[in-house]
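*Asks:* Chains as they are written, first to last, in full-length UniProt numbering: chain A, 1 to 356; chain B, 1 to 356.
Keep in mind the hints are simulated off the structure, nothing from the lab.
Yeah, the Cβ is synthetic: ideal placement off N, Cα and C, and Gly gets one too.
Any given hint might turn out to be false.
What the hints assert, rightly or not - Only pairs whose alpha carbons sit at most 20 Å apart, straight line, appear in this in silico EDC-like list of lysine to aspartate or glutamate:
hint, chain 1, residue 1, chain 2, residue 2
1, A, Lys-336, B, Glu-52
2, A, Lys-146, A, Glu-127
3, B, Lys-79, B, Asp-66
4, B, Lys-336, A, Asp-210
5, A, Lys-146, A, Glu-106
6, A, Lys-128, A, Asp-116
Unchecked claim - Cβ pair distances, simulated, as ranges:
hint, chain 1, residue 1, chain 2, residue 2, range
7, A, Glu-290, B, Thr-339, 48 to 58 Å
8, A, Thr-353, B, Thr-339, 56 to 66 Å
9, B, Ser-337, A, Ser-337, 42 to 52 Å
10, A, Asp-322, B, Pro-78, 55 to 65 Å
What the hints assert, rightly or not - Which residues of chain B face chain A? A partial, calculated answer using Cβ under 10 Å:
hint, residue
11, Gly-171
12, Ala-191
13, Ser-193
14, Asp-210
15, Pro-300
2 protein chains.
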Amino acid sequence: MWFKTKAQSLLNSEYPVIQAGMAGGTTTPELVAAVSNSGGLGTLGAGYMAPEQIRSAIQAIKALTDTPFAVNLFIPSPKYSREQEKAFIETGLQLTERYRHKFNLESPCINQVEEDFDEQLRVILEEKVPYFSFTFGLPSADTLKKLNDQNIYTLGTATTVDEAIQLETAGIDLIVAQGSEAGGHRGTFLAASMEQAMIGTMALVPQIVDHVSVPVIASGGIMDGRGIAAALMLGASGVQMGTAFLTCKESGAQEVHKQQILNRTEADTMITKAFSGKEARGITNRFMAEMADHRAHIPPYPIQNAVTKDIRKAAGQQKNPDYMSLWAGQGTRLSKSQTAEDLFNQLIEETNTLLR
Amino acid sequence: MWFKTKAQSLLNSEYPVIQAGMAGGTTTPELVAAVSNSGGLGTLGAGYMAPEQIRSAIQAIKALTDTPFAVNLFIPSPKYSREQEKAFIETGLQLTERYRHKFNLESPCINQVEEDFDEQLRVILEEKVPYFSFTFGLPSADTLKKLNDQNIYTLGTATTVDEAIQLETAGIDLIVAQGSEAGGHRGTFLAASMEQAMIGTMALVPQIVDHVSVPVIASGGIMDGRGIAAALMLGASGVQMGTAFLTCKESGAQEVHKQQILNRTEADTMITKAFSGKEARGITNRFMAEMADHRAHIPPYPIQNAVTKDIRKAAGQQKNPDYMSLWAGQGTRLSKSQTAEDLFNQLIEETNTLLR
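Please put together the full structure from these sequences, using the hints given.
*Replies:* This is how it looks when you write it as structure tokens:
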């Protein structure tokens with residue numbers, strides 16, 4: 001019964017199981033293709049990628065699979081005045097200067113922080129990617145029209161019922177309900193306070209399902225067949241899973257990041273703005289703990305993200321988890337190291353056994 | 001299939017559905033008995049009750065039902081020195097003085113804040129209550145022996161895997177896994193930080209199930225048959241539900257509290273220490289917002305609880321929700337006003353339909 005859902009027919013995949021579009025190099029073409037080839041929907045997390053990198057990755061995916069896949073982008077943030085932006089950059093650099101000392105890094109010359117959304121989107125339209133997923137807000141009506149004209153299905157992220165209603169009203173095809181358990185960035189874009197928009201998956205999914213008529217994809221804390229079966233019971237038409245795929249062999253996440261997830265517990269993650277200026281869940285480390293004291297002064301996304309880039313890179317090169325963004329959801333104890341195909345087959349078998 | 005679980009046989013109730021032991025007058029004998037008579041396990045939330053009040057309530061429940069029920073108590077907090085306690089009381093009274101002005105209240109004379117656990121427990125033992133549930137920690141070995149000698153089953157609250165393991169090691173019969181969605185007080189007693197112990201139900205339940213062999217009862221955000229079915233898929237043997245029962249006709253919660261839950265959304269709750277000194281989830285109001293500025297100075301439980309008692313009482317008498325503790329979980333949009341029996345029958349019907 002469970003795979004005959006609205007999402008499944010919309011997704012054109014055998015199973016309504018989506019591999020989340022984690023940004024930052026995790027979603028290699030090999031990972032995306034392995035998930036899609038196994039009967040799910042793989043997603044290229046292209047939020048931080050330059051347009052031509054996105055094109056190469058899409059072409060690499062197409063060479064590896066004939067099945068549908070998705071590309072995920074970040075909806076651009078509100079623009080700041082040049083002066084405000086310069087002030088934010090200066091504050092961000094000051095707050096993080098001590099870490100540059102630590103890694104012997106020159107203070108970078110950050111003049112302006114650009115978001116390339118229009119150019120990124122153009123590649124998706126030109127490459128006729130079957131599914132476009134997004135987070136941090138809602139694309140403009142113009143963007144949605146272009147996607148619609150190309151018959152590209154859209155998946156938007158909601159962390160509250162009001163956000164889900166706004167996505168449906170705008171004509172989005174599927175809504176990803178992101179529970180508070182989820183790793184990585186919060187998709188929150190309407191709620192008055194980030195704290196009040198931290199709704200657990202168990203509570204969020206049925207409330208969104210009751211208020212929209214498009215299919216709802218549950219995400220946050222889902223790591224195995226038990227989570228998939230539970231999400232379907234809550235009324236979801238499918239699931240999106242990030243952390244579970246991050247530790248797979250094909251994932252491009254750094255080995256030290258994978259090992260942190262594989263070896264830590266459910267109580268080792270926290271929400272932080274320290275790395276990017278936008279709230280995200282990751283394994284608690286020294287950088288997060290120290291920056292928490294300056295919480296009120298951390299510049300907004302994407303400025304803080306640009307400011308910490310060299311530090312994160314240097315820490316990664318030295319395999320030093322203390323200063324890397326180790327995004328992870330709360331299901332860490334359920335993570336495993338295996339191929340994406342093996343994980344996917346297990347997910348389906350476990351779910352089928354539970355729902356038999 | 002779903003009602004033939006380990007919990008059900010341990011609970012001696014027809015269905016493994018527990019009405020949570022909400023303190024503060026919510027769990028009237030009528031509510032507890034209605035749930036137990038319907039085939040679930042009702043719980044008297046006796047944490048704040050004087051021993052003789054507990055005895056009267058237990059006798060009232062026994063007059064209304066022949067089926068098993070539970071009584072819930074709070075495990076006492078670490079003791080402070082007399083001097084430290086006096087300093088805490090003074091700080092608490094200062095922080096809240098403006099609210100006493102508002103309600104024309106005299107500054108109360110709080111000399112010492114007592115927790116009556118031993119006397120409360122004695123009533124439970126004497127009355128041979130079938131089930132003893134608790135939160136905020138673990139009873140002493142001596143207490144557990146006394147309960148065991150009387151063949152009283154024990155249910156302990158865990159918010160992390162490590163807490164669940166500690167409960168099982170101590171010989172507790174059933175573990176209530178309290179997800180971050182849950183309303184009211186957090187049961188956290190081991191975690192290094194309260195924030196890291198805010199694990200969503202979807203992530204918490206399967207991880208606890210994998211690490212203990214006693215039955216696990218899921219709680220947090222469960223409001224209807226969808227939530228029950230989902231919890232069972234996650235590996236839980238049953239569920240505990242608080243907010244859903246709080247708005248029932250038989251509940252002793254104040255009408256203004258019920259109306260707040262019935263009319264607010266999933267994004268209207270927050271965790272606060274403002275009312276009791278211990279983190280709890282409730283509908284966000286003015287008192288919580290204003291006291292958030294003084295978070296670092298709020299005295300610990302149970303001192304702050306004693307300090308705010310007169311303010312909460314006055315606000316309740318004036319039906320002023322701005323200064324009442326409006327405990328609620330994140331499933332608020334799913335709450336309804338009906339009898340506990342009607343709710344219970346719906347829960348069973350919905351769950352049966354989903355798991356047919």
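*Asks:* Hint by hint, note whether the structure agrees.
*Replies:* Evaluated hints:
For the suggested pair Lys-336 (chain A) and Glu-52 (chain B), the alpha carbons sit about 53 Å apart, so the restraint of at most 20 Å is broken. For the given pair, Lys-146 (chain A) sits about 13 Å from Glu-127 (chain A) by alpha-carbon distance, which is consistent with the 20 Å threshold. Only pairs whose Cα atoms come within 20 Å are accepted, and Lys-79 (chain B) paired with Asp-66 (chain B) is rejected, the gap being roughly 39 Å. Note on Lys-336 (chain B) and Asp-210 (chain A): the hinted pairing holds, with a Cα-Cα distance of about 14 Å set against a maximum of 20 Å.
Annotation: proposed proximity of Lys-146 (chain A) to Glu-106 (chain A) is violated, straight-line Cα distance about 43 Å (limit 20 Å). Under the criterion of a C-alpha separation no larger than 20 Å, the hint pairing Lys-128 (chain A) with Asp-116 (chain A) is consistent with the structure, at around 19 Å. In this structure the supplied range 48 to 58 Å holds for Glu-290 (chain A) paired with Thr-339 (chain B), their Cβ-Cβ distance being about 54 Å. Range check, Thr-353 (chain A) to Thr-339 (chain B): Cβ separation about 38 Å, and the 56 to 66 Å hint is violated.
At about 50 Å, the beta-carbon gap between Ser-337 (chain B) and Ser-337 (chain A) stays in the expected band of 42 to 52 Å. Against the hinted window of 55 to 65 Å, the Cβ-Cβ separation of Asp-322 (chain A) and Pro-78 (chain B) comes to about 32 Å, which falls outside the hint. Violation of the interface hint for Gly-171 (chain B) is found here, the shortest Cβ-Cβ separation to chain A being roughly 23 Å, above the 10 Å cut-off. For Ala-191 (chain B), the interface hint holds, the least distance from its beta-carbon to any beta-carbon of chain A being 5 Å, beneath 10 Å.
The interface hint given for Ser-193 (chain B) is met, as the beta carbon of that residue sits about 8 Å from the closest beta carbon of chain A, less than 10 Å. Here the hint on Asp-210 (chain B) is kept, as its CB sits about 7 Å from the closest CB of chain A, short of 10 Å. For Pro-300 (chain B), the interface hint is violated, the least distance from its beta-carbon to any beta-carbon of chain A being 21 Å, above 10 Å.
Violation of the numbered hints given earlier is confined to hints 1, 3, 5, 8, 10, 11 and 15; the remaining hints are satisfied by the structure.
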